[in-house]
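Q: Whole structure, please, built from the sequences with the hints as guidance.
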Amino acid sequence: MPNNEHYYSQTPSAPHKYNKIEAELRGTTYRFLTDAGVFSKERVDRGTRLLIKHMEIHEEDIVLDLGCGYGPIGIVAAGIGRYVYLVDINERAVELSRINIELNNIKNAEALLGEGFAPVDDTRFDVIVSNPPIRAGKKVVYGLVQESATHLNPGGDLYMVARTKQGAQSLAKEIERVFGNIYEVGKGGGYRVMKATRY
718 MPNNEHYYSQ TPSAPHKYNK IEAELRGTTY RFLTDAGVFS KERVDRGTRL
768 LIKHMEIHEE DIVLDLGCGY GPIGIVAAGI GRYVYLVDIN ERAVELSRIN
818 IELNNIKNAE ALLGEGFAPV DDTRFDVIVS NPPIRAGKKV VYGLVQESAT
868 HLNPGGDLYM VARTKQGAQS LAKEIERVFG NIYEVGKGGG YRVMKATRY
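The sequence shown stops at residue 916 when you use my numbering, and every number in between is there.
Simulated from the structure, these hints should not be mistaken for laboratory data. Any given hint might turn out to be false.
To be verified - Distance condition first, Cα-Cα at most 16 Å in a straight line; then the derived EDC-like pairs of lysine to aspartate or glutamate:
no., residue 1, residue 2
1, K737, E812
2, K856, E812
3, K904, D762
4, K734, E773
Stated by the list, open to error - FRET-style restraints, in silico, Cβ to Cβ:
no., residue 1, residue 2, range
5, E739, E893, 30 to 40 Å
6, R894, K737, 18 to 28 Å
7, R841, P732, 14 to 24 Å
8, N825, T746, 15 to 25 Å
9, K890, E819, 35 to 45 Å
10, S730, E893, 34 to 44 Å
11, T746, G897, 15 to 25 Å
12, P871, I738, 32 to 42 Å
Since the structure is predicted, the reported quantities are computational estimates derived from the model, not experimental observations. Don't be surprised by glycine CBs; every beta carbon is placed ideally from N, CA and C.
A: Pasting the structure below:
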């Protein structure tokens, strides 16, 4: 990708380079189609794996995968919860998520294109999960934290993962500032999974 472009771009300019990968996540093998211009196209990255491992979802939950990429978090969540919305600003990522929902025979999920909460502004969630676009900057990421608080049902949970070396501590402080609570529910491979509950 060009140096001035990252996976938070709406329309990636990188030439298509499709790739098929498999990943075992929470005891199930999933298949994903990936492409150039989306996050971690070669494999499901460590942070995403850690978040998937530690997210707690119940069978009646309505879930949002915020910044879904090609869909691994939301697709795994759909195997647990009642319904999952996958949202991304990246057109290529949303297209891949839609393909991967079909590829894994998921019937209770849909992928929507748009920035932040715009495509689901009228919906409230029991769980929001996100491997946030750290490279997009604090203004974007902190904005997602703040909006998460207004889009969660009372008692709903936000899960976010971040690299310890890429601002996990400052992100944790912002989550605690917004929600009034923060829990570190997972750690490994240089990543931390944080959870906050809307009371």
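Q: The structure should be examined with respect to each hint, and the outcome stated for every one.
A: Results for each hint:
no., hint, result
1, K737 / E812, "15 Å, holds"
2, K856 / E812, "26 Å, violated"
3, K904 / D762, "14 Å, holds"
4, K734 / E773, "34 Å, violated"
5, E739 / E893: 30 to 40 Å, "37 Å, holds"
6, R894 / K737: 18 to 28 Å, "41 Å, violated"
7, R841 / P732: 14 to 24 Å, "40 Å, violated"
8, N825 / T746: 15 to 25 Å, "19 Å, holds"
9, K890 / E819: 35 to 45 Å, "40 Å, holds"
10, S730 / E893: 34 to 44 Å, "38 Å, holds"
11, T746 / G897: 15 to 25 Å, "39 Å, violated"
12, P871 / I738: 32 to 42 Å, "38 Å, holds"
Hint compliance for this structure: hints 2, 4, 6, 7 and 11 are not met, and every other hint is.
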